[in-house]
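> Counting with numbering that gives the first Met the number 0, you get residues 0 to 406 for the letters of the sequence shown.
Think of the hints as simulated: they come from the structure by calculation, not from any bench.
Since the structure is predicted, the reported quantities are computational estimates derived from the model, not experimental observations.
Please note that the accuracy of each hint is not assured.
[Unchecked claim] Calculated lysine-lysine pairs in the DSS-like style (CA-CA distance at most 25 Å, straight line): (1) K224 / K258; (2) K243 / K58; (3) K242 / K302.
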Amino acid sequence: MDLVYGTPYWPSTYKSDADYPSLDTDISCDCLIIGGGMGGALTSRLLAERGLDTVVIDKRKIAHGSSSANTGLLQYTNDKTLTSCIHTFGENKGVRFYELCREAMKQLTEIARKLDTDPWFIPRTSFCFASSEEDVALLEEEYQTLQKYGFEAELWYADQIKKHFPFEKPAALYTKGDAEVNPYRFVQGLFESARQHGARIYEQTEMIHCDYDDEGVWCYTSNGKIRAKRIVYATGYETQEIKKDRAAYLKSTYAITTKPLPDLSSWHEQAMIWETARPYLYMRTTPDNRIIAGGLDEESPDKDLRELRAKHQGEVLLEEVRSYFPLDALEMDYAWGAVFGNTHDGLPLIGTHPDYPHSYFVEGYGGNGTVYSMIAATLIADAISGKTNEEDMQLFSLTRTSKPSPA
């Protein structure tokens with residue numbers, strides 16, 4: 000699957016010294032992770048840290064799939080509001096989902112601090128504005144819900160917004176405890192850390208197929224086979240080529256990075272900005288004063304039109320940014336498109352599947368994929384270590400009854 004097209008920004012920010020070989024012999028391990036992106040990186044880091052003999056393989060180079068296109072906004076809030084989660088799943092499950100996201104944010108913060116490679120992890124506030132007057136009531140209700148269940152948030156109205164930003168909106172939710180990250184550097188740093196803890200990492204090593212027996216899994220690659228007691232499929236959106244999830248669907252999304260700007264003082268706290276409209280525009284900054292913007296989700300264009308589409312959508316995004324921040328030096332530097340996965344009910348897919356023995360799946364689908372991958376890595380590492388949390392696993396079950404619901 001062609002996951003990324005156009006030119007993503009992040010690979011230009013880091014040249015890894017790590018030299019990961021391709022597999023050319025037969026090996027064995029406690030746990031095999033298929034996937035060298037965010038899900039595989041976080042899971043390998045946790046498993047290796049706990050002393051499990053861990054092997055990672057990826058058919059590409061490390062971090063060259065969806066992680067190179069990830070725009071790096073990390074939030075405890077989700078595309079699906081807490082209010083909507085409670086309506087869909089009930090109070091306990093809805094609140095628990097948001098609690099797990101908040102816990103995952105804290106875990107990501109701690110892990111990022113310990114890496115030798117600086118992942119450009121910066122705590123940020125978030126600012127979600129009402130796209131129209133009609134959406135003000137939605138934000139007011141969500142504010143009350145967040146407050147009720149102990150999630151820190153403020154509700155801003157037009158006058159307060161006007162004092163802090165160069166644009167006008169009728170209302171916004173202002174939240175703390177979020178962060179921005181360079182996902183490419185983060186994934187590289189996580190794998191470097193996992194290797195320091197004993198993980199063996201092989202890139203440009205493709206899984207051909209797997210066989211399962213009572214004792215574990217045989218994974219066959221181009222130039223060797225791997226015997227593992229457990230296998231973790233952290234294959235991102237390409238998981239849909241291994242097994243089709245009725246709860247999931249794939250689309251395309253777009254993003255740009257501008258050239259560095261001399262002055263972003265009009266951008267309050269360089270907060271991460273998004274909105275109530277669906278699909279939504281989102282914006283953030285970088286340590287060298289660039290703006291990253293994304294959105295315009297749509298059905299994936301034909302293969303031969305993708306590069307052109309990424310450029311066109313990039314121009315649209317640039318004009319969107321200009322409408323909020325009319326800066327003289329605003330100029331696009333990078334533009335890209337990428338496959339993007341979501342689920343019908345708004346929750347990621349994490350855990351086991353009855354057709355795949357000794358196996359776990361990390362499918363952090365949705366607008367908060369890195370946070371979901373952290374939740375998945377924790378639940379799966381706990382399960383493999385003998386501490387399965389059945390209730391939390393059931394929340395993200397791959398075989399749950401999935402129904403569409405409002406965001």
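> Which hint numbers does the structure go against, in order from smallest to largest?
1
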